[in-house]
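Just so you know, we're using my numbering here: the sequence shown kicks off at 330 and counts up by one.
Each statement offered as a hint is correct.
Computed cross-link-like contacts, PhoX-like style, restricted to lysine-lysine with a CA-CA straight-line distance of at most 25 Å:
{"no.": "1", "residue 1": "Lys950", "residue 2": "Lys910"}
{"no.": "2", "residue 1": "Lys1034", "residue 2": "Lys995"}
{"no.": "3", "residue 1": "Lys1207", "residue 2": "Lys1177"}
{"no.": "4", "residue 1": "Lys800", "residue 2": "Lys567"}
{"no.": "5", "residue 1": "Lys1183", "residue 2": "Lys970"}
{"no.": "6", "residue 1": "Lys1257", "residue 2": "Lys1207"}
{"no.": "7", "residue 1": "Lys1213", "residue 2": "Lys1257"}
{"no.": "8", "residue 1": "Lys963", "residue 2": "Lys974"}
{"no.": "9", "residue 1": "Lys624", "residue 2": "Lys634"}
{"no.": "10", "residue 1": "Lys615", "residue 2": "Lys634"}
{"no.": "11", "residue 1": "Lys624", "residue 2": "Lys810"}
{"no.": "12", "residue 1": "Lys1486", "residue 2": "Lys1532"}
{"no.": "13", "residue 1": "Lys1144", "residue 2": "Lys1177"}
{"no.": "14", "residue 1": "Lys1213", "residue 2": "Lys1249"}
{"no.": "15", "residue 1": "Lys995", "residue 2": "Lys950"}
{"no.": "16", "residue 1": "Lys799", "residue 2": "Lys838"}
{"no.": "17", "residue 1": "Lys1177", "residue 2": "Lys1213"}
{"no.": "18", "residue 1": "Lys963", "residue 2": "Lys995"}
{"no.": "19", "residue 1": "Lys1177", "residue 2": "Lys1138"}
{"no.": "20", "residue 1": "Lys1415", "residue 2": "Lys1207"}
{"no.": "21", "residue 1": "Lys783", "residue 2": "Lys910"}
{"no.": "22", "residue 1": "Lys1101", "residue 2": "Lys1144"}
{"no.": "23", "residue 1": "Lys783", "residue 2": "Lys810"}
{"no.": "24", "residue 1": "Lys624", "residue 2": "Lys783"}
{"no.": "25", "residue 1": "Lys1100", "residue 2": "Lys1034"}
{"no.": "26", "residue 1": "Lys838", "residue 2": "Lys800"}
{"no.": "27", "residue 1": "Lys1207", "residue 2": "Lys1250"}
{"no.": "28", "residue 1": "Lys1213", "residue 2": "Lys1183"}
{"no.": "29", "residue 1": "Lys615", "residue 2": "Lys421"}
{"no.": "30", "residue 1": "Lys810", "residue 2": "Lys799"}
{"no.": "31", "residue 1": "Lys1456", "residue 2": "Lys1250"}
{"no.": "32", "residue 1": "Lys1567", "residue 2": "Lys1532"}
{"no.": "33", "residue 1": "Lys1257", "residue 2": "Lys974"}
{"no.": "34", "residue 1": "Lys1249", "residue 2": "Lys1456"}
{"no.": "35", "residue 1": "Lys1183", "residue 2": "Lys1138"}
{"no.": "36", "residue 1": "Lys1213", "residue 2": "Lys1250"}
{"no.": "37", "residue 1": "Lys799", "residue 2": "Lys615"}
{"no.": "38", "residue 1": "Lys635", "residue 2": "Lys615"}
{"no.": "39", "residue 1": "Lys437", "residue 2": "Lys421"}
These aren't lab readings, by the way, just hints derived from the structure by calculation.
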Amino acid sequence: MGRATIFTRAPPSGAIIFYGGKKGSTATNAKVPSGTHTDQDTTESKNTTSPSNPNTPGDLSVASASSKTQISIPPIEPTPRKSDDVNNLNSKLSAVLSLVKEVAIVMKSVPYVATVASVVERIINVAQVCINLLIRKKTDRSRPHLMQVVQSNSDRRLEIIDKVAVYSRVVFEALLHCDPQDEKGFASLRQDLEEIRSVLESIFEVLQNLSDNSASSRISRLINRDEITSRLERENRKLDTCVTAFQFKSAILLRTRSSSPSSSIVSQTSSTGKARPLRFGRLRSKPSIVFGREKEISIIVEHFKKDKNSSNVPLRLAILGPGGIGKTTLALSVLHHDDVSYAFGDERFFISCEASTSIDLLIHEIAVAFELDVEDPASKPLEKILKRLQLIQQPCLVVLDNFETPWELSHVRPEVEALLQELTSTGAVSLIVTMRGSQYPAGITWDTVIPPLKPVALEDACTIYETISKKMDDHAVRLIKAVDCVPLAVTLLGHLAAVDGETSEDLWKRWEEERTSMLEHGDDRLSNIEQSVQLSLSSPRMKRDPDALKFMSLLSSLPDGMSAITLQELVNIPGVANTHKAVSTLRQNALIFDDLDRTLRVLSPIKLYMQARHPPSQPIKTFLQDYYINLAMKGSSYHDKNVRKHLGLELGNVDALLFDSLNSAKSLELISNAILNFCHFTYIAGVSSTSALAQVVDRLEVKEKTGFSVLPNFFGRRTQKNRHEAEAPLDIDSIIKLRADCLGCWAQLLVRQHKFEEAEAKIQLAMSLHKKIQDDHGYAYDLHNLGRLQSFSYMNQHNAYQNIEAAVKLHRELKDDVGQAHDLLGLGHLALYSYLRDTQLGLEMFLKALEMFKAASDDLGQASALSGLGHAMISVSKYPEAEKYFEESMPHYRQMGDITGESNSLAGIASSFLLRSSFKKARTYIEKAMALCAPLRIPEHLHILGRVNITEYRHSAAREVFNEALRLHQRRGDDLGCAHVYQYLAHASFVDNFDLCLQFLTKSVNIMKASRNALPSAPSSLVDLLSFQGMCYQRLVRYTDAANCHEIAYDLRKYEDELGKGYDFYTLGCYSIGTGHHREACGVFKHGHQYHAQIGNIQGTADCLSKCGECHLRLEEFDQALELLSKAKDLHSSIDDTLGEGTDLYLEACVYMEQGKTGDAVETVYEAVRLHERSGAVYEKAKDFALLSSMCLSNPDSSEVAKGIGYLRDAFVLFIQARAFQEVSECVTYAGQVWESKVQDPTVDMIRNFNNEVFKQDYDKYLESIGFMGHMYYYFDY
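Please model the entire structure based on the sequences and the hints provided.
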């Protein structure tokens, strides 16, 4: 596609917004009254949070700081064993069984504990049966058909049995330290115990089924092995969740009781009357789902390796970040990493500080993890800990999880930090702490090998969701994006989606109603996103700074966060005494973060929680509205780069606050002008929303009819407010003008969004209103905008010309030179791209407009005129000149901040390089253009990118890009745009999928036929379509149709399109070769070569040289053929055209064969095959194989005969795939000759008996069924 015309059209809208701002008479410089707020907000108390209840799950402050004898629930340690380690598992089950019996005796008065014990006992019994059965199966070699099932499921069964044993020990040991008479305490655990019982019942059912050794059961398990595995994994996850929740709550219960003098936990005796020693594990189990943290894990592990191989100080790492971001998961992943496990062995300790609300509790947790005896009240645990660390013979790794709990308490922080210094005083201890927030504890030097954690990448978040739920679709991606890829939120969404019958679409609907309240899988911070957020909001640091929560409520109401510029300008926020201190507090708690632009942002789950639970007070809302209205007023001053920078960072905030202001008591005129001024900026920036405009137009219409502003009423009614009390009165003409200007502005924004029908309706209404009040300036711009919009439709181009001419006349009468210059731009584009096709007139219009814009010092106008000149040069194949004009336009666009204009100029430069065969440069520039206007996708940009993909033979990628462009054209009702895309899709499929090529070509032809009445003279798109259709007819051996297409296309090429003429000569030459007129074809290709060389199109030049070489080959003029093919090959190689270079090599091989140079021919054709495979060229590769076949079969007695038959078969199949009927016929004939030469192979026999005529007839029926048999050229009159 480096040789076909670029189908570009005029922009369907003006270069700037023509309404409001400096051009509109109603655009005022009104300022929002200041000084209307006091520094303190007396009504703020309604929206501030109250101190949290210490008994709620979100608050961990449940133990007395003075407590000396503390109890810690052991970390869960489900250490899965290998499937053959059954002896250890049996002993573990026996130990748990004795513990079960003990619990049954001690807790007989608590029925729901007894039921759990009963289920565990049944599981142990059936587990022992399963273990014995597995042992027998492993040793029984008489049943090999069952070994695969045994191997795949045995490990999973033993793992879950092991986990049930470990978790049962954890639960029962915790229960044995509780007082069965404490009804209130046990009541808080009842729900968790019942959930554990339910999960264990389900596990028992699975294990019981697996213990049945009957023949029917074995067959059933074989058939349903995937379902069994899935159920085991599901119950495994449920068990993790239930026991974790139980462990957390029981820990709080035990710490609360341990702080009481009457607590009898330490002296708790077993049924034997002896005090039972506590059993604790060192490590929590390795997380099963970890994605998106590979980089951090690798960095930390590599740091450990460096420590081991040097005398460096051991690692001191703080893993920081907000709640739910995956700090604990990262720490556990490192702790269980193979290299870390090898380096530290058993000296790895994971210590949860979640309930350590005093220094004594923290020390106790550490001592318990080190398995030190601390039950004696007189013991000195800290001394024992330090002595233990001094005596260790190998490196030690300690992880303190949720370390913020003890550290955030200001009255114990010095002691906590001193404890860290003591722990790290020995050179053998490596330390990792995980903490909510972004602040490091003092006292030791921390290694900052990783920054505070941020959400995982979207791809990794999707993997987490899909791993848990086994589902993934567009709705799932929307959900994941809605929670900002926060791992905890994504995990909880995955568990919700994992429910049978639940779809991601259903969850999205729930999300739109419930938001973060639906993200719960339990009541603790690890399974409830709101509990996790509340835990951060209720931290001691937040409580010490009440301004922080107020500022947080303000920040959470801003969709785009708060830029550094806004933060610096915001002073006297109602109720916030010290903004900078509040920001610092929020940063320390990791509730906010700075992005790359230094914009303060809040993660989506936190923001949504704040909006629902802590919305901003009314004074703060009013303060924000005033600030952003004043900022919006600066929109028409977009020439100021500081204004552009500030507005660019606050786009979403301005739009949201303007919309919000419409529901306030503010002046409608003030808000309307703010919206109009803001639209000036969004228009040139290429990003816009029309929601606020739509609202203000409705309000102005009501005010025009009634004279009153209509405001929403909190009681559901609409009330009228006296305009004399609320705002200065506007006369009716001013209201109508304001409404008309808003409609015109709205229409221009809609055109930028390609919503043409809506835009035309708005323009027509604006025209009637401007005409009603005799506003000639507004009416003139309405005419201009309507004409530009109509110019985009071939059906309305005559009306477009009339409307723009009328605008020129009116602007001339009004002495509005700038308006007249914009009209000339419109006429220039019409001259270039409409049925007029008058390039000279277009150039004159652009040059005249450029002079007028220069006289008015209008940068954007100059940029638009220069861009128009660039497009004019493209249309007449003057690509260096086009590049020059586009380059000249970009500084003007950049100076004014017009992103859309700059991106279009970059796309123009990309086109100029594409048509000069500089494909890499073309890709670079079009990718720059698309990145500049992202996330907006402009279909014309996609056209260029797709064509670049075609030149690089990336056919699938090209089709994907074109299909995206097609959807955009269809969405805006642009039929001819769709026709162009279908034509591009046909080109993209010509080489590798000819059937698909014909389908796309048929669709393009049908759309062109439907548009025939709008095309008195054929534009380039129609002519190129005819030429390409002729090439397809030639492949189908329909030479009459091909000739008609080529001749008509050449005859219709009436304008100065050198590239188009060169392409026509090339297609005519191909036709002449196909019909055997080789000398005539050579002359035609020379004409094509002349045109392509003249405009610098390397690909076209090389292709014509190659075809000339083919003509000389067929004329047996071998020296001339090799000379031309060598030149063509060099040119094709210089632009990395693998298809063209491969074809040159194939033709060279043919020459060598004719000259008897078989060795050179073989070597050359093999290289041609390699290049054609790279380019995916089916037809060309078939010709390579056909040549190889003739080489191998030239001597029937040769050892190469078998290879030659294989090449003949491959060529035959590929020719059929390419629908090359003439070549298929030649294969059939050649196979007959080979058969007669006594090479009587079944493959040869099959080919020689192939009925090509029947195949052609069947294919003609197929072509008729898809509508291809209709001929485009029938629709032209001569």
